[in-house]
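Undergrad: Two independent chains are provided; combine them into the complex using the hints.
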Amino acid sequence: MSMKFQTVERDSIFTRLDFRPKIYMMLVLTVVALIWESPVVQLALAFLILIACFFSGVKMKFIRTILLIMIPFYLLLLITHGFFNISQVQSLTGKTELTNLFSIPENWWLIGGLSFSLEGFWYGINTIFKTLTIVLVVPLVIFTTDLDNIIVGMVRARVPYKLAFIFSATLRFFPLLFSEIGNIIQAQRLRGLAMEKMNIIQRVSVYAKVAVPLILGAMVQSQQLEIVLQSKAFSGDPDRTYLHESILSRLDYAVLIFFTVFLIAAFVSWAVWGFGAFAGPTDHFLF
Amino acid sequence: MSDIIACLENVSYQYPRSIEPVLSEINLSIQKGEFFGLIGPTGAGKTTFCCALNGIVPQFYGGRFFGKIEIAGLDTLEHPISVLAKHVGQVFEDPETQLIATSVENEIAFALENLKVPREEIIRRIPRVLEMVRLEGTEKKHPAELSGGQKQRLAIAAALAAQPDLLILDEPTSQLDPVGADEVFSTVSELNKELGMTILMCSHASEEMAEYATRIGLLSNGSLLSVGTPEEIYADIPLLINNNLRVPQVASTFYSIKQKNIPVSIPVRLEEGKKVLTELITKKTQLTTPDLKDELVHKEGQPLIQIKDLEHTYPDGTKALHGVSLDIHTGEYLLVIGQNGAGKSTLVKHFLNLLKPTSGTVVINGIDSKKLTVSALAANIGYIAQNPDNQIFNMTVWDEVSFALKNLKFSKQEIETRTEESLKSMGLYEYKDRHPLSLPKGDRARVVIAAILAMEPDTIIFDEPTTGQDFRGAHYILDISRKLHEMGKTVVVITHHLYLMPDYAERVIVMGKGTILLDAPIRQAYFDTEKLNSTYLTPPQAVLLSIKLSELTGEAYCLLTPAELASVFTTNGGAA
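Residue numbers (the numbering used here), protein chains in the order written: chain A, 109 to 395; chain B, 77 to 652.
In isolation and in its complexed conformation, chain B is listed as follows (with noise of 0.2 Å):
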């Protein structure tokens, strides 16, 4: 029994004042030296289950609970939270909100001094769990120097600061970039593997969550529908397409190539993934011509947005852009990908005057952009920025639509119908009367994007729509950005997750260091490794194991999805 760390037997929660229990009838152990993966849609209950851990929840929330839960050996409604913060340590989702301190060493310090830990204990263990996370020398630094994976890494060695038996972490990686949610995944692995810390993850990273967890536990409206070995879990397609989760693309692949009566099994790793791949090519199964469908060309006419050896210097000294040359024209799908700081944002907040040139020009429908107001410009380019909630500012979903058209002085009855279009259309209208805070992320962001397209904008800009968003929030977002782009607008995607945008994207422009590294069809860019590494991109898994069908086959097989990779295998006619 020793081996326990965390016992649920029957919990239930209900928040104060609400109606539906946040979590019901959960019964769960979780042993000494597992790395337990959390999934669930937005909305499942999952940073309720890490609160609960802690004491938070019902401490500190108040509510009913039922059942019990034991923390090596604590019941968490006996103790109290600060007790429980030695068995326990948590990292959560925003790098920003939970580092408090003015110093690395001061962050580290400060739960070993709540805790009483001597001055002489807390001086030893700093440069101990900064080594840990590979963050060694940083000890005088202040946080807001690090980077966001050196941010998420810095609060994982302060909850490991206090040794705790157990350690949370609740989507820590949903707001890094590529390269900082490496960065943490493989620091949190090697802490398991290594040193036999017992890590309970929640993520919606599907593909790092198959590669390092070793049990998966699917929470769906509070219950924990479904509990097992990551094979067990991401092979289980239905399941994940029911609950709205993201399967990892390897799994998406072979399900499918498996759904035409060919033999095989359903792996959940990039490897294993490629293995099968291998023995399915060396066994001789036939493939055929996948049928792509062609790339459209737009550069008719004159640009909508023209830029010209634009260079942008910040205040502070940062060079951010270098001399970067760039043609958008109307009707374009442009995703524009790299790395934190490669100036992407920097790049799209020009087109809007947010950030005016330090050399080179910025033309906008065939005018420079200094001789254009941000109000002016934001009437004919809709910018959707990263946060939704910064972006809110009225009380009510009804106002937050019209305050743009106010401003455009519509009349009041153009202003009437505009709103209820928009709301309508992005299916808001019950909601007019709500304070737009206090819907679910999900819709929040879409009252954001329903108040940008009241304007009728010619191009939306979406900058890091998907961040923080679930599988289903995301792909709702993007086929708006679709619907838009059908309708003949022009349509700038900046994103980190490459795995979403092949079904919607057309071109892609890579961005490096303030450079343009590539600027190609999205068929071209996604096979470009080698670019794309130096900026510290991965293609998605579908993308790699077509190279490596390709290197098999010796033909070129250059597939985006799992779907068009699926299409190349023939229907094994029928027999199994």
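Bound-form chain A, shown alone (with noise of 0.2 Å):
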């Protein structure tokens, strides 16, 4: 059992920088990554942070893992653009007719004639990457800060302290909650469940159980820390002192500034020239 939550082992820019900007850029990113409409640049968007999350040192297994989960995800979000959103591309790209990609065959069962459309297709891709966007910025920002850290920047950001300790407790307790589960499951497997010979339902059966003995075990646990705490004069008084006193920097400051100036750069763009808008200048290859 380790109670280590995962943080990045590099130092990068992002461990140098405090909490506050951090939590800032991340704001910011979703908010233009929710603007903006267009394919192209929510690619080039995700791919940068995608560029950022292995530069700072996020475990790329992780990074994988995220990607394999969404999969079903970016398939149904493929299939119901390519398919079902025809009034709003045709609104977007002042088109009457959608070009046709394929169809399906009029003698199907309940979904013939429907046809997927390539507007379609690039409006998906457009949600597609706008949600890796906002999935992979929060890695970048959580796994490059101490969970210390994170207290006392929420603290400081006047996040009330009770809270921060909460929010904190929590991340810490994910890593734990998994290898509990681990155990859990080898302590089954050592009891003759042949997990290897079980179909797909059989397992999130055996998954399914492990709920009761988690909860059971997470609040024997959590009593546990609760006595640790009060041991340690802790008592969620908001009045107290810090060690780490999270100074802005001028990097601080800095990034701070860029994210405004890019984020009213990206608005101001997108309003007056449609820069980032779907169909819009930076698109206009793809139709």
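Hints were generated in silico from the structure; no laboratory data involved. You can trust all of the hints, since none of them are fake.
Footprint (simulated), chain A over chain B, 3 or more residues, beta carbon under 8 Å: (1) 471-484; (2) 525-539.
Using C-beta positions, here's what the derived DEER-type ranges look like: (3) A:V267 / B:K517: 33 to 41 Å; (4) A:I323 / B:K517: 16 to 24 Å; (5) A:M327 / B:K500: 30 to 38 Å; (6) B:G393 / A:A316: 31 to 39 Å; (7) B:I95 / A:L175: 54 to 62 Å; (8) B:T290 / A:V267: 46 to 54 Å; (9) A:I323 / B:D534: 34 to 42 Å; (10) A:M168 / B:E562: 52 to 60 Å; (11) A:L151 / B:K395: 39 to 47 Å; (12) B:P366 / A:A316: 54 to 62 Å; (13) A:V139 / B:Y137: 41 to 49 Å.
Backbone N, C-alpha and C fix where the C-beta goes; we use that ideal spot for every residue, glycine too.
TA: Okay, structure coming up:
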């Protein structure tokens, strides 16, 4: 059992930044990703963030797992936008007729006659990279920040101390929870549970049954934690001192200014010239 | 009066919703500079006692509290826990759950920040307390990077940083290997002797308590039965035995010698024991050759488990096993020892395919383990892992024990009979409808053992079965292992508690740094002090005393237990 939360081992600009400019960066990027609808620009943004993750030392294994988990969701996005998002795409592109990529034969039950549009496909791609940006920016911010600094940063950003502590305690709990799940399943296999012979439904039911011992274990642990906290004079009182002062450095201010300028620039260029709009100037060569 | 740090007057306490009091009528004062050892069997109320001193009992738990406790002159009922925390530092049993920060310096700072100690003062205190526990230079490390002993020392440092009047340690070494335990004991003893820190420690480690404590209190069923010097308490063998407490082997040896009408004092520390032994020999006390049972040899036929050139490297690159080869035959009782990280658990996990060889082979009953699944292997090799609580996942004791049988597709009738048998043989039948986690720790371990034994495996592996168990609990489990061995089963035990094993094990594997340092019968292995020391193990006191006896007499005595050692001395024909 390791209490170690997943933090990056590499020292980079992201680990040197205070938590506040990073949270600000996360908010700005999320807002911009929500404004933009151009698949090209979204791809560029997601790609930049992926590079930043890589550069700051977020484990590729972790990113791969996220991508794998998201695949069904992405397929769903593509299908719905390609087949069904007709009126929105029509109004965004100003076309009355969408380019048909393929159609389903008329005689198919229920879905016969549906056609998959090129514009819908690109709109789907846009939503995929949009969600990817929003998802990937989280590990980039959280994993490059020490948990204790997250608390200090949140408190300095006027989040109540108790809330900040609960937030960090929750983050700390996750790796513990996962190792606990592993322990329980191993204990079950040691009692002859043949996971390898099970189909997917049976497996899911095994994981579902883990919930009860997991919650009981978590309750025992949280009570122990509470006693430990009490013995360390913890009362949730915000009137306490801090070892780390969390003073914003020049670099922190530079990042805050950069993302403010970026937000304004992105918004103005989108509103005035349609930069980042669907089927706008950045998407010309797609249609 | 000012020298009294803690004063308890007629203290009784009852948890909410419990019928029996956990503490009853306790009167005690702890003086400044004392090292007070609190001993007692599991369930005696030691942890509650500790929590009463910093106000957690009854302020956090509620319940009914009678009497009065004063800590540094503060009534624990009238001052909040956060104020008392300034005067009482507490170190808990489990090194994992009590460290809450993400770096060593933050861990130390946490309590100080809560106590509103100015930042500059916190920065001054961190290196000072780290030096006290010899962890200098680790400020920026993550606590998870520290070893068990280091983690406990960090917990001590964090408690010391608030400059408490009293440092409480509740079983601080029970989860540690011998090196870690030794680190903690010597740190605490140094703090007490050199800095005059007042200590209250609960521990089952009787040899160490006899060595370091200045006063001992024996708690039983919530009452303080006896308080005295270590010499008074640990030499009172009937008192200890009646309360299911372990007697230091030195005391036990000389008590048995005294029972033979040989006039001798009962020392409680090893060095004094050696002196008394020397006096006995110079007084020309008569000695006989001990009658020792022969070691059994099991090396016939095909080995049950055959390990060849086994190497294992963990995904993070740690090489845990370096070319280990080993044969285990049916009916053996094997003891695997070595410091933490020596590769003991890594080795046995290969028997069950829980880990796969990086190179080399593991052959079980003539079949390469690669071809077998964990579940198939588990039916023949029962593995009882370290912490029983991690292996309990059913709502009732009955379901827990029958779980494996359902997986193995036994008929309903067969499941009923086997579960019932297994529960009865483990003395658990009356609890069959209870939730396993509602039982006391010793019983929870038995539930897990019953659940494994219901599969009727041929080989049973006990991984650190006695960790966190008291003397009675440890022997109860080991007695089960002996019964299984007598039934012809193969038993493998991994443990740090060498002193528990002479009455059980036959063959010993000493591991160090991923290799087998020694594979020998127990009588030979326990006397290879050089090999044992090289993997940070110390032989039991009885072995050290018999080495001394050999030196004194010039004859070789390979005696493993206090009883064997005492048997060398002939009864003094009635004249005391």
